[in-house]
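**Student:** Fit chain B to the given chain A structure using the hints.
Sequences listed follow chains A and B, in order. The first sequence maps to residues 19 to 215 in my numbering. The second sequence maps to residues 2 to 1007 in my numbering.
Hints in this document: simulated from the structure, not taken from any laboratory. We put the CB at the ideal spot given by N, CA and C, even for glycine. What you were told as hints is all true, and nothing was included just to trick you.
DEER-style ranges, computed between Cβ atoms:
1. Asp741/B <-> Ala32/A: 24 to 34 Å
2. Lys627/B <-> Pro159/A: 38 to 48 Å
3. Ala972/B <-> Ser30/A: 51 to 61 Å
Okay, derived cross-link-like pairs now, DSSO-like style, lysine-lysine, Cα gap no bigger than 30 Å in a straight line:
4. Lys759/B <-> Lys75/A
5. Lys396/B <-> Lys411/B
6. Lys759/B <-> Lys114/A
7. Lys759/B <-> Lys104/A
8. Lys114/A <-> Lys803/B
9. Lys611/B <-> Lys204/A
10. Lys759/B <-> Lys66/A
11. Lys666/B <-> Lys803/B
12. Lys204/A <-> Lys20/B
13. Lys104/A <-> Lys803/B
14. Lys701/B <-> Lys114/A
15. Lys704/B <-> Lys114/A
16. Lys704/B <-> Lys785/B
17. Lys282/B <-> Lys489/B
18. Lys892/B <-> Lys704/B
19. Lys991/B <-> Lys940/B
20. Lys204/A <-> Lys282/B
21. Lys348/B <-> Lys396/B
22. Lys60/A <-> Lys759/B
23. Lys759/B <-> Lys893/B
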Amino acid sequence: MLEARFESPLASLAAPTDTYVSMREIAERGMIDLRGSAGDRKFMAAAKSALGVDLPKQPRTTATWGDVRVFWLSPDQWLITCPRAKAQEMADQLSKDLAGIHSLAVNVSDMRAIIRLEGEGVREVVMKGSAIDLTHGDYPPGTVRRMRFAEIAALLHVVEDNVIDIYVFRSFAQYTWDFLRKAARKGSEVRVFPKAG
Amino acid sequence: MTGKPYRLASGGNRIDRSKPLSFSFDGRTVQGFAGDTVASAVLASGQRVFGRSYKYHRPRGVIGLGSEEMNALIGVGVGARHEPNLRATQIELFNGMTAVSQNRWPSLNFDIGAINNKLSRFFPGGFYYKTFMWPRAFWKHVYEPVIRYAAGLGKAPEDRDPDTYEHMHIHADVVVVGGGIAGLTAAEAAAAGGVRVLLIDENPVLGGIADLTAGKVGEGSVAGYAKAVADRLAALPNVQILSRTTAVGHFHHNYMMAFERVGDHDPSILAAGAPRHRLWKIRAGHILLASGALERPIAFANNDRPGITLASAVRGMVERYGVAPGTNGVVFTNNDDAYLTALALKKAGVNVQVVDSRARPQGELVQQAMAAGIEVSPSSVISKVDGNLGVKSVKIAAYRKGQGRVITEKKVDCDFIAMSGGWNPALHLWCHNGGKIRFDDGLASFRPNTHTDAITAIGAANGSMSVAETLAEALSAGEAAAKSVNAKAKAAKTKLPAVEEPSRGALEAIWFAPATGGYNEGNKHFIDYQNDVTAADLELAQREGYESVEHTKRYTTFGMATDQGKTSNLNGLGVLSEATGRSIPEIGVTTFRPPYTPYSFGSIAGSLTKELFLPIRGTPIFNWHKDKGAVFEPVGQWRRAYTYPSAGEDKHASITREILAVRNKVGLLDASTLGKIEIKGPDAAEFLDRMYTNMFSTLKVGKCRYGLMMNELGFLSDDGVTVRLADDHFLMHTTSGGADRIAAWLEEWLQTEWTHYKVFVTPVTEQWAQFAIAGPKAREVLSKLEPDFDVSNEAFPHMSFKIGRMGGYPVRVFRISFSGEQSYEVATPANLGRGLWDAILAAGEEFGIEAYGTEALHVLRAEKGYIVVGDETDGTTTPIDVGLEGLVSKKKADFIGKRSLEQSYLKGPNRKQLVGLLTEDPNDVLPDGAYAVREVKDKPPMAMIGQVTSTYMSPTLGRSIAMALIENGRARMGETISFPLEGGKVMKGKIVSPVFYDQDGGRINA
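So here's chain A without its partners, still in its complex pose (with noise of 0.2 Å):
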């Protein structure tokens, strides 16, 4: 029998040493990119009915149960991550569900690459990259927005205050490792408003 072996974008770099976040890939986690009009109340309806939760109709919010957790990612779109081995079939029960509603979700748990940066300092090292003022109120946990991340397109989750998820496609998982290594490089610490709550 002709296994699969995976192989996340990101397998062959190990965790690096020499910065004052510590930087690892998410590998495990499933993606599925879900179209629909919020206005839609059918659509509303059977999405909730497949997820266990209601799609946030909130700009950068999210919204969770149990380990389904959906992004907002505009008025008719959605990310919806969970664990990698659920994701096809969650994909296949959405389309089932919304079947005959104008919609489309598609498994695209594969077209991202996940960096998680966890620690002291994780909003600055993203500031170094992006216009966007991390150290300020609209940012709290739970916040998903998408952004220009250096030279490139990413989207951003606040998991915790000091837990940052940056989603980049694929092709870019090198060189947005990279910038980040750079960025976080011990010894090029700013602390920008350290002493903000």
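**Tutor:** What follows is chain B alone, placed relative to chain A:
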């Protein structure tokens, strides 16, 4: 003048005498103390000459105290770490530093270029324009290289910069520029309102020139007050302080850039991993501009001799570094402030007298100076300076405002001069983004007027020159700024301490001090020191008709040096005013441009260098390609394997091998970069009918169809195979380079034109790794990979697809071909891609499978006459031009570009049409892009009838092949046309069908 003990026995609030340092200046070891600048330490060592001037190579010394310095530009560091053109007054000393002077040869004290000074009557304003116009060719080969060598400042390092740099972004409610008493007071008032405050200051120590300011705040000194506020700010959680950071520019929407020198002052910081410089990109709610004021020099004869310094800089040298400028000096002033310098010198035991151009100086400081026994000469100017490498004596002449010549004068020995022509508010940042200014007669300078941005100038930057005024203004501006960004901000409730300061007499503008004899001949009155522009140059420009100040600026280069006219601007306007009889406001000002002071290229690049210079995209198979020794080719940001030379093979050999493997056995191509877009909705089929030239609504589920896309102009923009997954669900493939552009194109039509369509578009390019297995043995390889679907030719014909599994791999398999061979494109989720790739190679081993790269792919498709959008098309090519009229629907009511194809010039005769070409000599490969001509002549011009679009040596056919766009090409089958090449050779080629191989398509369907 070296070796004299210019370091005073005591004093120096910046230096730590218990920490001696040593460094090298022009190869000489110089001693200094922690806290010194290069300027203060070198001056303390008795050396006054820091460099030679730009045009006349005149010896120059220090004039300023900080970032306004325009003369003492030095180079710091060695080898790749050398940085030229730094202001010696800003460079903080560290042990072991290497610094050099600039623009001198062979040495500072003897410089051959100084002959320019002797010849200066031949170097008037506009000299370069007048002299080097003829003969024309001399400019490039003779004049420019010589001028560039002789002029210019420091030398750039030749090696790659070994340090790192970075950018940092921040939003702040209130940004305060300048950490003097105005900035500190305002920052504290704003911070009390609870908003976030960013305080930027270019110096290593906060306080501005509080330590050089007379008076008392509360019970203590002005400096004591500044220190107390700075300490309180440092403890506040909502205040960020950036020291050694220069706000270099102010832009639209309160965007500001600031340049932080993180590690220049201490190599151990760099060694610990810090970036050398950091460029801050700041979005401000409100900006408080507390950038202070800059002291003006005075235009008197030979006012550039080393030892002639701004009065504030002399005071700073004494108070901060315990360095005396000499033993016997003259303070030349038109205002009261310079008397503080005289008093400081007197206190330090330096002999000094004051020359004041005003008739009746009588402020409190003047009284104090007189009481201290300092000789004051009112109604006087310096009319002459003797000395070359330093000051030996001056002539002091009687002066009355408006009087143009010297009547009586007396000689006075001295070894330094401290000058002060008054103070100019530092308006640069105010003006960068359109702030208006107005002339203030009291200051004899411009001050801020109105601005459309949320920015307020305070303190000296606003023209408020007293401590009391400054503090009151700063407090209310700080509170107001906090309120303006947050209406709920609390009031600071700060009570200002009482201020005592000496009353000041009025200043009297002096733009030109008359000199003995004709000026400009050995008697230069410098206005712009850095660009060597004199008062005479400015007047000459007026006489020659360059009347507008902007014309004068460009003609004389006044104000165009790296200091952007900080010290020269107003003096130049004053000279122009007196020369023309117009007032300064009538003359107007030139434009202030960023940066305030130069900042490093490294900081502009930030971390985006080397591997981060350009984002490089790799497919899931990238590492395999690399390990296999692939030569890579850029396709957009992707790096695709071009070919895989094995040991001993050149690229030509490996490409041939790869092509023959596909034709004769089987090949494997990494096609993961192909654009993939899922399109779903009840209107999806109709939508595709409009996007493509050909019909997609008739495509059956499970089938594939090649489609052409035009833009609105009727020109080809992309192509690819689209498959129907379900009635309302399609998967579109685009070219690798077109993936993002086409996805955006689809969205744009849906969102802006056909909003009634119910269609969703989701790009999924990177979800899939996709490989082409192509060649006569392709099916045999596929069937070894445990497909759970029937791969027989009947069950799985050309232009159909299957969704299923191959062993443990979920796959989508499309039977499509870009090589002309039996071919299957296998897609599997990207993270399984490498595993499947390895499995395919293993399964294909017995059939002689070879990985092939993009060049083999291109030859294979050219042998079949398949076009590449971007090779066979150039943005003005229609489907009909390339012979694909059959794919332009006659039945569909409308589609993008349809109407344009009806335009006469796209339907007319003599369009260039795609044809094949066979050269007369089968070994001749036409150069890519070669032009065909109607008739070969001895030399151009020759009428061109088309050009080669693709050209290869075809291993399959054993001869060269080419495709070309040729006028009326399809009507010329069999005709031989000529391609004159560089060097005189003419290649001839016969026009044939572009399909060179397997014209009946038997191999694809096999």
